[in-house]
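Given chain W's structure and the hints, the job is docking chain V onto it.
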Amino acid sequence: MMELIDREDHHKLYHQLYEIFKNKIEKSEWVLGAQIPTEEELCKTFNVSRVTVRTAVMELVRQGYLKRQQGKGTFISRTSQAEGLNMQAHLRELCFEEGIPFSPQVLARTVMMPLNGLDTLLDISPEKHVIYIKRLWSVQDEPVMVQECYIPYHLCPLLLEDDIETRSLFDLFEKKYGIKITRVKNFIELTHLKTDEARLLNLPEGAPASLLTQQFYSGDTLIMYMQSVKKSDRFRIFMEFERKVA
Amino acid sequence: MADGKLVKDVMIGIFEYPHIPYWFTINQAVRIIKVSFISSKKYPEPMAILVFDEKYNLMGTLTLKDILRGLEPRFMQGSEKAQGYKEQESELSLIWDTLFTKQSKELAEKPVSEIMAPAKQFVDPADPVTKAAYLMVHHDLVLLPVLENKKKFVGLVRMIEVFDEISDSLIKE
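Sequences listed follow chains W and V, in order. Position one of the first sequence corresponds to residue 1 (the working numbering), numbered consecutively onward. Position one of the second sequence corresponds to residue 1 (the working numbering), numbered consecutively onward.
For reference, chain V alone in the conformation it holds in the complex:
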C-alpha cells in the first residue's frame, strides 16, 4: 500500500460495541441492539454485538442479519443445495409473517452462541491494512478482530475504514 498503513492505524476500540456472554439468549441480544443502537439512534456500520466466553475471550460476532436468520422458522431454512424460484421465496416470507409470533418467539430463547458468526479470522495491529481487506473479502466479513500477539483482543477493524484507506491510495496521484 502506498502509505503503508497498518491495522493499528485504522482499528477502533472494542468498547465501541456492546459485549455479551455466549449464554445470553437471542431475545436478550435483541433488547441490547434496541437500547445500544436503535433507541439511542447510533447506527454504526456494521451494527453488531461482540460475543465472549466466560474468560472474556472473543467467541464471535452477532449482526442484525445473524439475528434475523436465527429467528427464521426452521422449515424456511432451506439447504444451500435447494432449488427454488424467487417468487416462491417471497411467498415464504409471508408465511414467516404468520408464524412469527409463535415460532420465532420460541427460537428467540436460543443462546446467541448458536447463531453468531464464530471469530476465526484475526489480524495483528502490525499487519498491513491490505491483509484486513483480503480477509474481509475472502471470508465475507464486515468486522475483523485485532489480536495482539495472537492472544489479547485489542481492537476491531471495520470495512469502512479499510475501504477508506485503500480508496485513498487509489485516488491519490
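The following block holds chain W by itself, in its conformation from the complex:
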C-alpha cells in the first residue's frame, strides 16, 4: 500500500515525504542503484509542491541515501543508515564557535525573504522575513571559514543590532532571548569553493573544502540554519560521541 501525506499531521510536509522516501529505500522498495521517479512524478503522486519534494530529496542526499547525477537523475546510493551515527553527542564539540580560537568578521547582516526551500527548512511561511548573517572566521589572522546563518526574524528581531563579533549567537539565543538550543543536526560533506568563498579564503576557485550544514533546534522549533565552508587543510572536525548504554 502506498504511503500518503497526512495533511492533518503537524509534522512538516517535507519531513513526512522524507520519511516515506526513506522507508521505501530501507525496505528496498526503491532498490540500490535504481533511479527514483522525477520531481514532477513525485509532485503528482504525493500532491505536493516541487519545493517540498526537492527539500525531502536533498535531505536524503545529505544523509547519503541518494546521489544526484547532473543531467541523469537521482539514484539510490545506500539502503541503510550508517551504524552508530545516531548516538548522543555533546553539543559543545559540534559547535565551531566554541573551544577554538576563532575570530569572526561580520561580512553581512541583513534581512531577506526565504528562497530556494529555505522557508520549508525553517518551517516558516514564504512571506516571513529571515535574518541573514555572513561571517568570515579567522584563526590568527588566517581566514579559514565562511559561514552563512539564516534565522527567522520573528524569533529575535533585535539580533540585527546585537554585537555578534564578540558574543556568540548561542550565547545571545540562550541568555538574551531565552531560546535554549536542545538539538543540532549536522551534515558534513565535501564541496568546491565558489568564486566568492575562494576570494575570501585566499584560495583558487574550485579548491576542495568541507561543508558543514547545521540545523539548530529548540524543542521542535528550528531556530537557525547554518552553512559553514571551511578550508579542508586547516583543521580537523572533532566530534565525541557518548553512547547511552542500557
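Each hint should be verified, as a subset may be incorrect.
Said to hold, decoys possible - 30 Å max Cα-Cα, derived DSSO-like pairs, lysine-lysine: (1) W/Lys44 x V/Lys65; (2) V/Lys34 x V/Lys152; (3) W/Lys128 x V/Lys65; (4) W/Lys128 x V/Lys172; (5) V/Lys120 x V/Lys5; (6) W/Lys194 x V/Lys34; (7) V/Lys151 x W/Lys194; (8) V/Lys41 x W/Lys175; (9) W/Lys134 x W/Lys67; (10) V/Lys55 x V/Lys150; (11) V/Lys120 x W/Lys180; (12) V/Lys8 x V/Lys151; (13) V/Lys120 x W/Lys134; (14) W/Lys180 x V/Lys55; (15) W/Lys72 x V/Lys65; (16) V/Lys172 x V/Lys152; (17) W/Lys72 x V/Lys105; (18) W/Lys175 x V/Lys151; (19) V/Lys41 x W/Lys194; (20) V/Lys41 x W/Lys176.
Simulated from the structure, these hints should not be mistaken for laboratory data. All of these numbers come straight from a predicted model, not from anything done at the bench.
Chain V alone, transformed into the frame defined by chain W:
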C-alpha cells in the same frame, strides 16, 4: 495642513514589505513578488520590495515597473531623446514578445541593484505629511522611506495614506 498630521501618524511598518539584499537577482525578486503578493493575493499599493545593503541600510525600492524595465531587451531601451511614433512603439512590444524567452531570461540574472530605484529622498517621523506629498510629487515617488534622526529606517509612507490625509483636509468644512 489643517490637522497638522505628521509622517509618524500615517507611516506603516517596514515589515509590511519584503526585504532583499542588493545582490539578489531579478529572477529571485520575481519569485519573491510571486510568493509575497500574487500567490497570497495580497496587493498592496504599491507592490514593491525593499532593497538593503549588507549592513541592513536601505538602498532602494523595486517596483513591478522597475522589474519589467529591467527585463526589457536592450535595443528597446531607447534614450529619452529618441523620437518615435506610438505605432512603432507598439510594434516593438511584439518584438519583445518574440525575444522574451531568450534575452529577458539572461537579463533576469542581473542583480537588483542595477534596476532598483535608489532611495535618495527621505522624511523624518516628525515631518508634516505635506512634506511627504511634496517629495512624492516632485521626485515621482509612490513610496517614501522614513528615517529617524536621518539614520534609522523606521517606516514607510505611501501615496495612498498621504493622499487620504490631504484629501480629508480639503473635504472637511
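Structure-based check of all given hints:
1. W/Lys44 x V/Lys65: Not OK: W/Lys44 and V/Lys65 at ~35 Å, beyond 30 Å, violated.
2. V/Lys34 x V/Lys152: holds, 29 Å
3. W/Lys128 x V/Lys65: holds, 24 Å
4. W/Lys128 x V/Lys172: violated, 40 Å
5. V/Lys120 x V/Lys5: Holds - the C-alpha atoms of V/Lys5 and V/Lys120 are around 23 Å apart, at most 30 Å.
6. W/Lys194 x V/Lys34: holds, 28 Å
7. V/Lys151 x W/Lys194: violated, 35 Å
8. V/Lys41 x W/Lys175: Answer violated: V/Lys41 to W/Lys175 is near 39 Å, above 30 Å.
9. W/Lys134 x W/Lys67: Distance of about 28 Å is within 30 Å: holds.
10. V/Lys55 x V/Lys150: holds, 16 Å
11. V/Lys120 x W/Lys180: Between V/Lys120 and W/Lys180 the Cα gap is close to 42 Å, so the pair fails against 30 Å, i.e. violated.
12. V/Lys8 x V/Lys151: holds, 15 Å
13. V/Lys120 x W/Lys134: Holds. V/Lys120 to W/Lys134 sits at ~27 Å (cutoff 30 Å).
14. W/Lys180 x V/Lys55: holds, 27 Å
15. W/Lys72 x V/Lys65: violated, 39 Å
16. V/Lys172 x V/Lys152: Violated: V/Lys172 and V/Lys152 sit about 35 Å apart, past 30 Å.
17. W/Lys72 x V/Lys105: holds, 24 Å
18. W/Lys175 x V/Lys151: holds, 29 Å
19. V/Lys41 x W/Lys194: With Cα atoms ~37 Å apart, V/Lys41 and W/Lys194 exceed 30 Å; violated.
20. V/Lys41 x W/Lys176: violated, 37 Å
The structure shown violates the earlier hints numbered 1, 4, 7, 8, 11, 15, 16, 19, 20.
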